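Protein chains: 2
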Amino acid sequence: MSTISIATAKEVFDLLRDDLAAIEQEFTRQSASQVEVITDIAHYLIAGGGKRIRPLLLLLSSKALGCTSEARIRLGAVVEMLHTATLVHDDIIDEADTRRGRPSSNTTWGNAKCVLAGDWLYMQSFQTALDERNFRVLELLISLTQQMVEGELLQMQKLGHLINEEEYFDLIFRKTACLFKVSMQLGAAITPGADASEETLGEYGRNLGLAFQIVDDVLDLTAAEDVLGKPVASDLREGKATLAVIHALERGTGADREAIRTVLADRSFERVSHTQILEILQRHGSLDYAMDTACAYAEAARMSIADLAESDAKRALLWVPGFVTSRDR
Amino acid sequence: MSTISIATAKEVFDLLRDDLAAIEQEFTRQSASQVEVITDIAHYLIAGGGKRIRPLLLLLSSKALGCTSEARIRLGAVVEMLHTATLVHDDIIDEADTRRGRPSSNTTWGNAKCVLAGDWLYMQSFQTALDERNFRVLELLISLTQQMVEGELLQMQKLGHLINEEEYFDLIFRKTACLFKVSMQLGAAITPGADASEETLGEYGRNLGLAFQIVDDVLDLTAAEDVLGKPVASDLREGKATLAVIHALERGTGADREAIRTVLADRSFERVSHTQILEILQRHGSLDYAMDTACAYAEAARMSIADLAESDAKRALLWVPGFVTSRDR
Chain A
9 MSTISIATAK EVFDLLRDDL AAIEQEFTRQ SASQVEVITD IAHYLIAGGG KRIRPLLLLL
69 SSKALGCTSE ARIRLGAVVE MLHTATLVHD DIIDEADTRR GRPSSNTTWG NAKCVLAGDW
129 LYMQSFQTAL DERNFRVLEL LISLTQQMVE GELLQMQKLG HLINEEEYFD LIFRKTACLF
189 KVSMQLGAAI TPGADASEET LGEYGRNLGL AFQIVDDVLD LTAAEDVLGK PVASDLREGK
249 ATLAVIHALE RGTGADREAI RTVLADRSFE RVSHTQILEI LQRHGSLDYA MDTACAYAEA
309 ARMSIADLAE SDAKRALLWV PGFVTSRDR
Chain W
9 MSTISIATAK EVFDLLRDDL AAIEQEFTRQ SASQVEVITD IAHYLIAGGG KRIRPLLLLL
69 SSKALGCTSE ARIRLGAVVE MLHTATLVHD DIIDEADTRR GRPSSNTTWG NAKCVLAGDW
129 LYMQSFQTAL DERNFRVLEL LISLTQQMVE GELLQMQKLG HLINEEEYFD LIFRKTACLF
189 KVSMQLGAAI TPGADASEET LGEYGRNLGL AFQIVDDVLD LTAAEDVLGK PVASDLREGK
249 ATLAVIHALE RGTGADREAI RTVLADRSFE RVSHTQILEI LQRHGSLDYA MDTACAYAEA
309 ARMSIADLAE SDAKRALLWV PGFVTSRDR
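Chains as they are written, first to last, in this note's numbering: chain A, 9 to 337; chain W, 9 to 337.
Worth flagging that the hints you see were computed from the coordinates, not collected in a lab.
Everything numeric in this text was worked out from a predicted model, so none of it was measured.
Ideal Cβ positions, reconstructed from N, Cα and C, are used throughout, including at glycine.
Just to be clear, a hint being listed does not mean it is correct.
[Unchecked claim] One-sided and incomplete, this derived list gives chain A residues near chain W with beta-carbon spacing under 8 Å:
(1) Val45
(2) Ile46
(3) Asn119
(4) Trp128
(5) Phe134
(6) Gln135
(7) Ser151
(8) Gln154
(9) Glu160
(10) Met164
[Stated by the list, open to error] SDA-like cross-link-like pairs, simulated, lysine to any residue; straight-line CA separation at most 25 Å:
(11) Lys166/A x Ser41/W
(12) Lys183/W x Gln42/A
(13) Lys166/W x Glu258/W
(14) Lys166/W x Glu44/A
(15) Lys166/W x Asp48/A
(16) Lys166/A x Thr116/W
(17) Lys166/W x Tyr52/A
(18) Lys183/W x Ser41/A
Work out the full structure, taking the sequences as your base and the hints as a guide.
Take a look at the structure:
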């Protein structure tokens, strides 16, 4: 690697290629059940891909601390499996038809089987984590899962309603940043003597996760359907107000606010079009505001690890925030 | 207590009254969430009652080993909470309208919230168990939950189909006996130096659980709706063949088998009535066969603990199997 302080995508990929491949194998192995339909659903979800950003964070966190334990592979698979479990249940709740450009699992197997498959994935995650015989690991994972579930319920209660920025940040912390944070913390939890680094690394994960979800929410408003793999503006169609929308609501004219309220209440673009909403958001600089906020969190993530000892892993961690804020899907 | 070897209901109740009341309080305390709807659903389910037989087993198991740790109260609440979590998800899966004579939680709050409330109850159970800092406790609870979830999926795959006795026993072990077994094992797991008793107590729980579920399944066929708190013969209406039905299928005439197959496939009594099915079961002694099998497991439960040191708790454990097989709901 070169001596500049931020890595390139290729360097990061070279650094993690073997470990990420091992995690993929481990995830497949862990999700094989004696009950066929569980294996079918789990392998369908694995094949659907995903960015594997949570395992990547866990790997970089443990590497930055010099940890070479196989626990990083097993727990890398666990964080991806937990993430997958939440997706299975979320798709039931949101009555989603598609996920990552393919039919969602509930569309293929039905709600009943997917409730149970999600349950099984949760239990399998904990079972694998339990094998580490490390209470801190279990504590991080179990309280994380509870926070995510609570977040999803809070979001349901707020569907169709206007929320403020504080509520928005609480929701996206629970939905995304919490698991990013725990993925980073786990790197410290499996490294003997690294307790002191857990908070710093967790702070990086939290900031990065907030940046990630804000960008996700902007892309939901602006990206093309074929790039995103799901219908455009599905958040608004589900009654969810995200950062740019909240910004416009606070700054818009009476007519602007009324237009946004109508879409959130209707959960459709029948009376107010998607183009009209985009025009409102652009006129108030709301999309730029959201992207600027994401970039500020990305920078905060980089700052969080300023004191971490120099290493290839640290350079990779400094690269990730820029990757997250510049992606197009 | 008298010196005869089997206690009475009153003696058992006197023995456990304070602990059961403490568990009830603990269950209410554990299920209070900062997310209101979780607390609402959980408290609705607590108020719905239930036999509290799982906490009772945990208490008797720990008492029989001389354990006075407060862990018996906390984990007594945990096993009831885990049981409740499975009921919430099962009601979604079975599309149940009623539970214990009241609207089921999914009818009141909808599937989406109940998926998440069930998830939360699972996580809260593990969180409380984690506080014990006892890996064996976590191992028992997590692998139990996974077995129960797998059992529910296996059952779904078999709905509407004929199954044999072996498959039936595997299903009821996962559905009921496994949690009875773990409730007993937990008593040993929280008692220092009681490792050697875990298997014996677990065997008692397994036998008792099988007896319990066989009786449950007979009552589903024979008891009146107002006693049961749910529609009569709901198993057949859901396409589930239970022990008496399997017995009749193996011994019945061609017409008998056809009648049973019709109900299982139709999942209704439109073409073949409930009375016709009961007549078939009675003619082949199938209900008696199922009850005799339940009584044999109840006796096996009593035999499992023959070598346990004499105590009030042991006398209570000797009483429970008779209570389980002679109940009418």
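Hint check:
no.	hint	verdict
1	Val45	6 Å, holds
2	Ile46	7 Å, holds
3	Asn119	7 Å, holds
4	Trp128	5 Å, holds
5	Phe134	5 Å, holds
6	Gln135	5 Å, holds
7	Ser151	7 Å, holds
8	Gln154	4 Å, holds
9	Glu160	6 Å, holds
10	Met164	6 Å, holds
11	Lys166/A x Ser41/W	17 Å, holds
12	Lys183/W x Gln42/A	16 Å, holds
13	Lys166/W x Glu258/W	17 Å, holds
14	Lys166/W x Glu44/A	13 Å, holds
15	Lys166/W x Asp48/A	17 Å, holds
16	Lys166/A x Thr116/W	19 Å, holds
17	Lys166/W x Tyr52/A	22 Å, holds
18	Lys183/W x Ser41/A	18 Å, holds
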